[in-house]
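**Q** Per UniProt numbering: the sequence shown = residues 1 to 135.
Some clues are possibly wrong.
[What the hints assert, rightly or not] Computed Cβ-Cβ distance ranges for the label pairs, DEER-style: (1) S115 - L88: 35 to 45 Å; (2) Q83 - T111: 40 to 50 Å; (3) K129 - S96: 30 to 40 Å; (4) A63 - L91: 35 to 45 Å; (5) T77 - V116: 55 to 65 Å; (6) I74 - F98: 30 to 40 Å; (7) P48 - L69: 28 to 38 Å; (8) A108 - I74: 44 to 54 Å.
Honestly, the hints are just simulated from the structure, not real lab data. Because the structure is a prediction, the values reported are computed rather than measured. A virtual CB, placed ideally from N, CA and C, is assigned to each residue, including glycine.
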Amino acid sequence: MAKDFQDIQQLSSEENDHPFHQGEGPGTRRLNPRRGNPFLKGPPPAQPLAQRLCSMVCFSLLALSFNILLLVVICVTGSQSAQLQAELRSLKEAFSNFSSSTLTEVQAISTHGGSVGDKITSLGAKLEKQQQDLK
Numbered sequence: 001m002a003k004d005f006q007d008i009q010q011l012s013s014e015e016n017d018h019p020f021h022q023g024e025g026p027g028t029r030r031l032n033p034r035r036g037n038p039f040l041k042g043p044p045p046a047q048p049l050a051q052r053l054c055s056m057v058c059f060s061l062l063a064l065s066f067n068i069l070l071l072v073v074i075c076v077t078g079s080q081s082a083q084l085q086a087e088l089r090s091l092k093e094a095f096s097n098f099s100s101s102t103l104t105e106v107q108a109i110s111t112h113g114g115s116v117g118d119k120i121t122s123l124g125a126k127l128e129k130q131q132q133d134l135k
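From just these sequences and the hints, can you work out the full model?
**A** Next up, the structure:
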């Protein structure tokens with residue numbers, strides 16, 4: 001235990017031998033990673049090749065999945081457009097058939113209605129003639 005105490009005292013005296021830098025005081029001195037560790041000189045180490053490749057592969061997979069999703073959306077939109085065009089053609093044909101049949105019916109009613117109007121006029125004339133004969 002006495003030896004441990006001597007080691008601590010020796011470390012303490014070594015700390016006191018170094019001059020303090022700006023902003024440092026007793027007990028505030030920290031290890032500067034650039035000055036204290038000879039392996040940390042220069043720019044920070046680049047990412048390992050495996051990490052860079054992994055990030056590139058992940059980015060490529062993300063871009064590929066986005067492109068596939070976009071392709072699916074385009075295909076679905078095209079399919080729906082084709083279905084809507086087919087429905088529009090069938091509705092146009094149905095409306096055309098409805099219009100022509102309705103026009104035919106209206107013409108038949110108007111011709112039939114014209115003959116009915118003529119009959120009413122002739123019956124009205126006959127009624128007036130009979131009334132005059134009765135007087």
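**Q** Please list, smallest to largest, the hint numbers that this structure does not respect.
**A** Checked against the structure, the only hint that fails is number 3, while the rest are satisfied.
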